[in-house]
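Here is how the chains run, residue by residue.
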Amino acid sequence: MKILVAVKRVVDYAVKIRVKPDKTGVDTQNVKMSMNPFCEIALEEALRIKEAGFAKEVIAVSIGPSQCVDTLRTGLAMGADRGIHVEANSSFLPLTIAKILKSLAEVENPGLIFLGKQAIDDDCNQTGQMVAALLGWPQATFASKVVLDKDKNVATVDREVDGGLETLSVDLPAVITTDLRLNQPRYATLPNIMKAKSKPIKKMTVQDLKVDIKSDIEILEVTEPPKRKSGVIVSSVDELIDKLKNEAHVV
Amino acid sequence: MIMQKWTRSGDFLRFCCKSLTYLRSKENNSVYSSVSGFVHGYESKSKLFEPNDGNHNIELQHRCSGRNLGMQQQYRCFGSSSASKIQRNPLFSSLDAKDISYFKEILGEKNVIEDEERLETANTDWMHKYKGSSKLMLLPKNTEEVSQILQYCDSRRLAVVPQGGNTGLVGGSVPVFDEVIVNVGLMNKVLAFDEVSGVLVCEAGCILENLATFLKPKGFIMPLDLGAKGSCHIGGNVSTNAGGLRLIRYGSLHGTVLGLEAVTANGNVLDMLGTLRKDNTGYDLKHLFIGSEGSLGIVTKVSILTQPKLSSVNLAFLACKDYLCCQKLLVEAKRNLGEILSAFEFLDNNSMDLVLNNLVGVRNPVSSSENFYILIETTGSDETYGREKLEAFLLKAFEKGLVSDGVIAQDINQASSFWHIREGITEALQKAGAFYKYDLSLPVEEIYNIVNDLRGRLGDLANVMGYGHLGDGNLHLNISVKDYNDELLGLIEPYIYEWTSKHRGSISAEHGLGVMKANEIFYSKSPETVALMVSIKKLLDPKGILNPYKVLPRSLISDDH
Ligand SMILES: Cc1cc2nc3c(=O)[nH]c(=O)nc-3n(C[C@H](O)[C@H](O)[C@H](O)COP(=O)(O)OP(=O)(O)OC[C@H]3O[C@@H](n4cnc5c(N)ncnc54)[C@H](O)[C@@H]3O)c2cc1C
Chain C
1 MKILVAVKRV VDYAVKIRVK PDKTGVDTQN VKMSMNPFCE IALEEALRIK EAGFAKEVIA
61 VSIGPSQCVD TLRTGLAMGA DRGIHVEANS SFLPLTIAKI LKSLAEVENP GLIFLGKQAI
121 DDDCNQTGQM VAALLGWPQA TFASKVVLDK DKNVATVDRE VDGGLETLSV DLPAVITTDL
181 RLNQPRYATL PNIMKAKSKP IKKMTVQDLK VDIKSDIEIL EVTEPPKRKS GVIVSSVDEL
241 IDKLKNEAHV V
Chain B
1 MIMQKWTRSG DFLRFCCKSL TYLRSKENNS VYSSVSGFVH GYESKSKLFE PNDGNHNIEL
61 QHRCSGRNLG MQQQYRCFGS SSASKIQRNP LFSSLDAKDI SYFKEILGEK NVIEDEERLE
121 TANTDWMHKY KGSSKLMLLP KNTEEVSQIL QYCDSRRLAV VPQGGNTGLV GGSVPVFDEV
181 IVNVGLMNKV LAFDEVSGVL VCEAGCILEN LATFLKPKGF IMPLDLGAKG SCHIGGNVST
241 NAGGLRLIRY GSLHGTVLGL EAVTANGNVL DMLGTLRKDN TGYDLKHLFI GSEGSLGIVT
301 KVSILTQPKL SSVNLAFLAC KDYLCCQKLL VEAKRNLGEI LSAFEFLDNN SMDLVLNNLV
361 GVRNPVSSSE NFYILIETTG SDETYGREKL EAFLLKAFEK GLVSDGVIAQ DINQASSFWH
421 IREGITEALQ KAGAFYKYDL SLPVEEIYNI VNDLRGRLGD LANVMGYGHL GDGNLHLNIS
481 VKDYNDELLG LIEPYIYEWT SKHRGSISAE HGLGVMKANE IFYSKSPETV ALMVSIKKLL
541 DPKGILNPYK VLPRSLISDD H
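These protein sequence lines map, in sequence, to chains C and B. The first sequence begins at 1 in my numbering and counts up by one. The second sequence begins at 1 in my numbering and counts up by one.
For reference, chain B alone in the conformation it holds in the complex (with noise of 0.2 Å):
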């Protein structure tokens, strides 16, 4: 049912892109900075965002004067004044007619899309918070197309936004100018698939769930599982490494992905497509394009080790009066659940609230409300062992008070309806208003500190909900506000960076940084070792045509340009 709303979430796209439209005239353009969001941690005095009109520059303010809890000397890294800039990197060719008629040359009419009402959707991201105003998108078939697409773009210095099912989170699958937008929906060939080893191979452009379909009567499940499973790629989940909701199972796709195609900013392809588990043969340079967003190839094949399908699932919906008993249920379930553990997932009465208001035909499991909800599910293959083991388990976290009420479900049904809350949240965000979304790593411990640190600062201001993969020490901290307001953002960001960087947190657990975190990086990351990312991106794609403006600090990449 969740499925059906994701695939269609295009149209709903074009719907508010409609009314983002409408917005930004309402208001003489001055509004563009606080809708979107897209320019957060800087003042909305700028001068607003008037895309492809030959003034390309976008001036912000930057708010540098909220960062100064320790983090200043990194920040001067990369701005030397308190001005920092946004701005289309001048260096970068603007599209012409000649390039328009090459692209159809090599990949047909109809995959030219030049389409206003399509190119809206392809330039606006799936939040409605970030949009480009690209003027082509190109739907290579393979990856031969994709290699020349590339070719011609760097010769020709073209920008270029890599897009799979446009589900990201971070503004990271949109352009942020007039970048040319390559899809590789078209590429969705399952290639191969090896029932003794698992090993699925297949075109960077298969849907999620299309995979998951395929594998379902061979008896084998995809090893990552989130809730964009309708419309995002495997290319896509590959390049930003997906988390999702089996991670705490199966593991990250740094390891379950075996190999993989990519085309770098020239052309050339590597094929690095192996089907090996163990394969120690000089630097494993597949790494860099799982989680590089793009910056650094475009995937155009995968190779992924899937996993038996097991017969017996369950699942158990509980209650927890306090974060003290959600953590020392975690501990208990891995020590005791731990061959079949394959998800803990939990969620706030905030989070609770939100669903129950804002999508249809969603009740709440347990009868009375409480503070903290639980998701366990375990995954065996043998019925009976499995649910009297959690029964067991549960019994007893009934009787210590860790759990004050809860439910298993007693059929696929119910199942569904309990995964649907939880993986309902950011779809209920979306549908009642405007929010802000991060995504953090933290010790288990300091997980829920952050979001009542907040919730203090911002009072009444917003309604501040936590919810994630406890399992993984992965926390969704979202914000959700009536209107996207800077002075509100100004008292949200840094403070959460600075937060999760004082507690050797990740400010990005399973997003990326896309456009939206990709100044902040240092919060996570040392100089010396973003000094050598960017080393590695110059390598790779010394023109910087590869989805420009996002995962590395800007400065430090046009510096030299």
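So that you can see chain C by itself, here it is in the shape it has in the complex (with noise of 0.2 Å):
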């Protein structure tokens, strides 16, 4: 069996995140990049899960500009397979990308495709269920833990909900999205990194895949949230009630 896994490039979870001046977007300049925790996450399992011997190969995917080839090279060293490089100049809305993942599963046949539950820097939490949907496969989102059964041929997930843990099971194929919880992702070490450097990244283009990259969603604006007041601190009781009344208006 594969493991196709999804690997996004996005700005590094420690960096404070800046709004272009022309509302266009996020500032990508000069900014360090660095692969999405999630997808961190996914690559983990898949590759504990061929550590495991129920899996042969892990090929790790990233859609995006040219530079996706250092996140794909972070996964390799961390231990996939191969590596492809779907090059794609504009930023795609999850609806492509799903799409294209499809795409790329038709060609590969995966057993299962890893995904993050969403990436950090949109947020989203939707490619993983629409590539699944378009597939027509089963799904397992926020997974926390992810126990194959290679004889019945069924992953059964604890996923994390708001009333706590749901089991599934689902059979393969399948689409997993991971949560935090999950694993802890091993360090890329220097053996492994220096046996990255042969692996192959496989490059392609959008019309390899024939995929249509039309989208319906036109971003208009993109702004920081309102800033937030910053507190007083009162000096007594009475003065609090006086505040809550008479300018927040509460009591």
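Certain hints may be false.
Stated by the list, open to error - In the BS3-like style, the derived pairs of lysine-lysine whose C-alpha atoms are separated by at most 27 Å in a straight line are:
no., chain 1, residue 1, chain 2, residue 2
1, B, K400, C, K23
2, C, K195, B, K400
3, C, K20, B, K400
4, C, K227, B, K309
Stated by the list, open to error - The following label-pair restraints were derived from C-beta to C-beta distances:
no., chain 1, residue 1, chain 2, residue 2, range
5, C, I17, B, G459, 53 to 63 Å
6, B, G338, C, A14, 21 to 31 Å
7, C, C124, B, D483, 49 to 59 Å
8, C, D162, B, R118, 41 to 51 Å
9, B, D194, C, E57, 50 to 60 Å
10, C, R82, B, N413, 17 to 27 Å
11, C, A14, B, P542, 48 to 58 Å
12, C, M194, B, G361, 25 to 35 Å
13, C, A14, B, D194, 20 to 30 Å
14, B, R363, C, T24, 37 to 47 Å
15, B, R118, C, P191, 47 to 57 Å
16, C, K243, B, D483, 50 to 60 Å
17, B, Y385, C, K203, 19 to 29 Å
What the hints contain is simulated information worked out from the structure, not anything from laboratory work. Each residue gets a CB set at the ideal place from its N, CA and C atoms; glycine is no exception.
Combine the two chains into a complex, taking the hints into account.
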């Protein structure tokens, strides 16, 4: 069985996001970019499944500009067997990405597709669900535990839902999206970084995959959330009540 | 994460102080010398510290017999008999009500602190090893107030301790007896920043991390960085000539501090707040205040050259099988990564275990444990260039066998967790119990020999750890013990100082001398040099009110009084 893992290149989790002055998007010039943390977890899970003997190959896919190759190299250094880079210079919304992943799945025929539950840049939380729907495969989102049964060809997945944990059993092939507590991703070690240098990364274009990239969604404006006003320290209960009454108008 | 802990060290200290007091009363006073570690080098049978009760003498036996490895001669300079005393200088006045009301008049009620809990914190050092008994802390808001305070204290001959973030590691920032604490923490404004030259001018009480935060959106960084950044003040950094993690790249504060303003003991304000990189007009006196640990004046403003924040920072965490490999790796790194190398730090396996056992959520980045670990950081302007250069360098080192395993941080989060291991050692030491801390400069090839020698000497009695700024030849040698213990201390000191002196090292690479090593200065400085230092001290502070009992040998300072 092959496992396909989608890995997205995003502004590093620790970097403060800044909106471009013309409000067309987020500033990514000269900003540290890294692999989306949820994708890292997805890749780690795929690697563990392979190491446990349930899969033969882990393929990392990244869709975006040429620097996505760096993200793929990180994936290969973690242990993925090969990479696919679908070159795209405009940034795509989830539906387009899902269509690209669907076409790739039709070429590669994986038994499992792993994705992060969301990307930390746009926080959409849609791609995994859309891929499953387009392929007509079962889906298990927000996974915090994944157990494979090779003989029965099913995956048992614990997912984190509002009320607690829900356990699902899905037939393979399936789409799984990963939550934070699923695992702790490994580091890229020197021997693996060295090995990664000789692992192949295949370049493809949207045209190769025959995907229609026309989108029905148009982004009008990107703005920062309103700044929270700083609090004040009140000196007495009376002052607090006064403020709640006359300034906040809540009592 | 780690920073929150530092900034909250006040709470922690308060807690520790309670336990310290508890221990003291339980053991009938006789424990002070061993609990505090304050009296290292002295016998414990001494009459104990009874602060501020009219009897200010602490008589302590000098362990002279242990100091005979060629050092005797120097020690004769300041102790004629075998007994040496730390005693409160009787010429200093004690506070009275008139003093307090004068201070309230100039500073306002609120900035004259007599509250016991706050004083307890201010009287106790970061390691809760040194503890004074000051009854008063003053919080000036500007240079003028500092000047008024000092002028008054000088006229009344009240002793003063300048205090910053109180993170110093040699007992320099807390009173020894009842000195008045002057803390410049309220002087925390940035005064100017020049985006062209990168020169930052600020008040001395600015917290290092706040300055870094101020600079970040402007695309600059401070030229120094250290584990205590969440609490330490820039004035404290300047006064201790703090080194830290970026020294290998940006040099010491003697190079990056372009100017400062300081107030001397008599209240004189010295305006040396230049912002020029080059200025050869007469003696460059600002250097006297860089690293003099508050013994010559209170630093009130600082002008410092900050550095452009470069976008490509890469960090590797490596394992080495022996110290020789670490050394060779350093040589290669300087040669091959020169223009982008920004940190080269090391820790041994004992330090790693200490961190793993005492800090939560830490894991060893490499899969199996090794004898040594190295952090190499590169900083440059081109992401691809920096990363490829570092990777190529490390792969070569790996093939040559200099590095047995290693990882490269793939994102900032991973990098922070690697740094957390190195920066967390001091905190882990503190959590593990009592510890003796030494900060030595040695030729790189000698650095680990002293750790091994000391391990042999102490055997099972203690856990000896070595880590530090290898790139700068700076070893932090730490000895973690269950309880402070004078017998053990007798095995450690003066052994370490003699060893260091023999190898022409420095007994204080970056932490300073404070009260801990004031008497040990001769291990690293010639008598003539020390004599000139004493003259300078007497010139700038004739009544000796500034940070008494510290930095210079006590006997040389108090002789004339
Ligand atoms: C976790 C940790 C990590 C550390 N790492 C390093 C490191 O990597 N490198 C390094 O060099 N040091 C390190 N240190 C020690 C270092 O000396 C201090 O952190 C720092 O430089 C002192 O600043 P502070 O504001 O806390 O000064 P304090 O501790 O308050 O004072 C230190 C000395 O300076 C004097 N002083 C303070 N402010 C003034 C002033 N405005 N004018 C005149 N004198 C003043 C005091 O009297 C005292 O003698 C570390 C400490 C800790 C706790």
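Hint check results:
1. Between K400/B and K23/C, the direct Cα distance comes to roughly 51 Å. Violation of the 27 Å bound is thereby established for this hinted pair.
2. Between K195/C and K400/B the alpha-carbon distance is near 17 Å, which keeps this suggested pair within the 27 Å criterion.
3. For the suggested pair K20/C and K400/B, the alpha carbons sit about 47 Å apart, so the restraint of at most 27 Å is broken.
4. Of the pairs offered as hints, the one joining K227/C and K309/B holds, with about 26 Å between alpha carbons and a cut-off of 27 Å not exceeded.
5. At roughly 55 Å, the beta carbons of I17/C and G459/B sit within the given window of 53 to 63 Å.
6. Distance hint check for G338/B and A14/C: the Cβ-Cβ separation is about 27 Å, which falls inside the suggested range of 21 to 31 Å.
7. Between C124/C and D483/B the beta carbons are some 57 Å apart, a value that agrees with the proposed interval 49 to 59 Å.
8. At about 46 Å, the CB distance of D162/C to R118/B agrees with the hint of 41 to 51 Å.
9. Range check, D194/B to E57/C: Cβ separation about 56 Å, and the 50 to 60 Å hint holds.
10. Between R82/C and N413/B the CB atoms are about 26 Å apart, so this pair conforms to the stated range of 17 to 27 Å.
11. In this structure the supplied range 48 to 58 Å holds for A14/C paired with P542/B, their Cβ-Cβ distance being about 52 Å.
12. Between M194/C and G361/B the beta carbon distance is about 29 Å. The supplied range of 25 to 35 Å therefore holds.
13. Remark: the range hint 20 to 30 Å for A14/C to D194/B is upheld by a beta-carbon distance near 28 Å.
14. Separated by about 41 Å at the C-beta atoms, R363/B and T24/C satisfy the suggested range of 37 to 47 Å.
15. For the pair R118/B and P191/C, the supplied restraint of 47 to 57 Å holds, since their beta-carbon distance comes to about 54 Å.
16. Against the hinted window of 50 to 60 Å, the Cβ-Cβ separation of K243/C and D483/B comes to about 52 Å, which satisfies the hint.
17. In this structure the supplied range 19 to 29 Å holds for Y385/B paired with K203/C, their Cβ-Cβ distance being about 23 Å.
In terms of the numbered hints stated before, the structure departs from hints 1 and 3, listed from lowest to highest.
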